[in-house]
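Novice: Sequence:
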Amino acid sequence: MKALNWKRVRAKSQPAAIRLCLDFAIAHHNRSVARVAELMGTSEWAIYKWMAKGSMPSDRIRPFEYACDPQGRATYLTQYIAAGSNKLLIDIPRGKGSTEQEVGDLQLASAEAMSLLMKFYRGEASPEDTSDALTELLSKLAWHRENVERSAQPELALFEDDDE
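Residue 161 in my numbering is what sits at position 124 of the sequence shown, and the numbering runs on without skipping anything.
It is possible that part of the hints are untrue.
Stated by the list, open to error - Label-pair restraints from in silico Cβ distances:
| no. | residue 1 | residue 2 | range |
| --- | --- | --- | --- |
| 1 | 189 | 80 | 45 to 51 Å |
| 2 | 126 | 67 | 23 to 29 Å |
| 3 | 103 | 160 | 39 to 45 Å |
| 4 | 70 | 122 | 23 to 29 Å |
| 5 | 185 | 149 | 21 to 27 Å |
These aren't lab readings, by the way, just hints derived from the structure by calculation. We put the CB at the ideal spot given by N, CA and C, even for glycine.
Work out the full structure: start from the sequences and follow the hints.
Specialist: This is the structure:
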């Protein structure tokens, strides 16, 4: 099985978003569905029911995503809900300088998106792949724009991990 690039993956449905969060919990924290449910204060079967029905009570979304990843990287359900309202979510930048790797990733995302867009208009690429690439590019551009805006007043790194 091919390893997922967790930063690029997007959910196509609410059950898929719930499954992605749970898969992230397993891959990064070795947390089973039972452990996620325990951390949320609910039953394992409630999570399976939400996944089967494709709905989760709104007051359980943040605790669910937090139980899957306390560092806030497993927000696939929140991203799916926002995308359904034609909204784009980005991580809030801290206003610190970008690395060459981050700028290179932006350039790569731009090249991939433009390539897919040209292929799409020639009938050689699917709308889903093209849309995903353009959404990723817009997210990266919005992040860098906000980072530039915040660079004049960067936030204090009080609660940051040194791992990032």
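Novice: Which constraints among the numbered hints does this structure fail? Numbers only, ascending.
Specialist: none
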